[in-house]
Amino acid sequence: MEAKTQISHSDEELIEQILNGEKELLNTLYERYASKVYRKCIGMTGDASLAKDLTHDIFIKIITKLDTFKGKSKFSLWVHSITHNHCINFLVKEKRVQLEELDTYKEENLTIIDIEAQHEELLKIRVTELMKLMQLLHPKEKEILLLRYQDELSLKEIAETLSIGESAAKMRLKRGRDKLANLLNTKKERHE
Amino acid sequence: MNNNDHPAQRKGDQIRNNLTNVFKEYTNKEVPAELKKEVFSTLASIELAANILDLFTVKFIRSEAEFLSEIVDPEKRNEKKSPEM
Chain Y
0 MEAKTQISHS
10 DEELIEQILN
20 GEKELLNTLY
30 ERYASKVYRK
40 CIGMTGDASL
50 AKDLTHDIFI
60 KIITKLDTFK
70 GKSKFSLWVH
80 SITHNHCINF
90 LVKEKRVQLE
100 ELDTYKEENL
110 TIIDIEAQHE
120 ELLKIRVTEL
130 MKLMQLLHPK
140 EKEILLLRYQ
150 DELSLKEIAE
160 TLSIGESAAK
170 MRLKRGRDKL
180 ANLLNTKKER
190 HE
Chain E
0 MNNNDHPAQR
10 KGDQIRNNLT
20 NVFKEYTNKE
30 VPAELKKEVF
40 STLASIELAA
50 NILDLFTVKF
60 IRSEAEFLSE
70 IVDPEKRNEK
80 KSPEM
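If you read the sequences in order, they're chains Y and E. Residues in the first sequence are numbered from 0 upward in steps of one, following numbering that gives the first Met the number 0. Residues in the second sequence are numbered from 0 upward in steps of one, following numbering that gives the first Met the number 0.
No wet-lab data here; the hints were simulated from the structure. Every residue gets a Cβ at the ideal spot worked out from N, C-alpha and C, and that includes glycine. Keep in mind that the hints are not guaranteed to be accurate.
Stated by the list, open to error - Some residues of chain Y that are not near chain E, with every Cβ distance over 12 Å (derived):
#1 S9
#2 I87
#3 V91
What the hints assert, rightly or not - Calculated cross-link-like contacts (lysine to aspartate or glutamate; reagent style EDC-like; alpha-carbon spacing at most 16 Å):
#4 K35/Y / E24/E
#5 K35/E / E23/Y
#6 K60/Y / E37/E
#7 K28/E / D52/Y
#8 K22/Y / E46/E
#9 K51/Y / E29/E
#10 K28/E / E23/Y
What the hints assert, rightly or not - So these bits of chain E aren't anywhere near chain Y, every CB distance computed over 12 Å:
#11 L52
#12 D53
#13 L54
#14 T56
#15 E63
#16 L67
Let the hints inform the model, and build the full structure from the sequences given.
Structural data, given as structure tokens:
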């Protein structure tokens, strides 16, 4: 009965009660977000063990910084943002990836409909292929594809999560899709 | 003309649906059961460390200040000993 009451809390109510001292509600917060954070870490790293360690650290960060959540955006986007920043920082540190090069992608006058209608070959991509190709993408390319296709966020929500403009989010999505499609085509050509 | 009837929209929706399914399947893994215990154990350690730090900084300094003020100001000590009526 008690569990039912806890599940009915909105995120914002839950946070308010936790900050007012109801620490047992941290369990509800964990249950609500653990698989989302873990799956995002799997997507970013492709490694279950690493994803577990990252999820641990991200939860510690979320809970210890809970009082800094101002409620200006949805709590779920705040969690997304912390998760992505943590994963990106980890990957950059580990693989010494330079992030600057991505931001030079040329802006084109395309709508999201135009961008998502490109690369018909992505209609046939399989999970096993995606698993391999994701390892070849830049962390920021992985990130944008995960936000759009795993979390199903709108461009506006993606922009908010990444603290960039909608136009930049759109071009970054285009770049991620282009790269994924190119890698898929190259892989297929090699096998033919 | 409905937006969904637009060829680019329709094709885009199909590709997006396929990518969404593939991405969800790719990341569809269960959270390790032991992770929850590890997270809450780390939080308990952090809380304990914070309490100890508080004990040796804020609380220690406060009690030291109270002690010193009683030495410097004996009246205050007397006030404390004889509670207000």
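**Report entry** 12 Å Cβ clearance of L54/E from chain Y
**Finding:** The assertion about L54/E holds, with a minimum of 19 Å to chain Y.
Query raised in the report: Is the hinted pair K60/Y and E37/E satisfied, with a Cα-Cα distance of at most 16 Å?
Result: Cα-Cα ~14 Å, so holds.
Query raised in the report: Is K35/E within 16 Å of E23/Y, Cα to Cα?
Result: Answer holds: K35/E to E23/Y is near 13 Å, not above 16 Å.
Query raised in the report: K28/E and E23/Y: Cα distance at most 16 Å?
Result: violated, 26 Å
Query raised in the report: S9/Y: least C-beta distance to chain E exceeds 12 Å?
Result: Given a closest Cβ separation of 22 Å, the condition holds.
Report task. Verify the proposed pairing of K28/E with D52/Y, using a straight-line Cα cut of 16 Å. Result -> holds, 15 Å
**Report entry** chain Y versus L67/E - minimum CB to CB distance exceeding 12 Å, so not interface
**Finding:** holds, 33 Å
Query raised in the report: Between K22/Y and E46/E, does the CA-CA distance stay at or below 16 Å?
Result: Judged against 16 Å, a Cα distance of about 12 Å means the pair holds.
Requested in this report: Compare the distance between the alpha carbons of K51/Y and E29/E with 16 Å, and conclude whether the hinted pair is satisfied.
Outcome: Satisfied, since the Cα-Cα distance of roughly 11 Å is no more than 16 Å.
Query raised in the report: For T56/E, is the shortest beta carbon distance to chain Y beyond 12 Å?
Result: T56/E is indeed farther than 12 Å from all Cβ atoms of chain Y, at 18 Å.
Report task. Confirm or reject the statement that V91/Y sits farther than 12 Å, beta carbon to beta carbon, from all of chain E. Result -> The claim holds: V91/Y sits with its nearest Cβ about 21 Å from chain E, beyond 12 Å.
**Report entry** E63/E remote from chain Y - nearest C-beta pair above 12 Å
**Finding:** Its Cβ never comes within 12 Å of chain Y, the nearest being 29 Å, so this holds.
Hint 10 from the list above is the single one not met by this structure.
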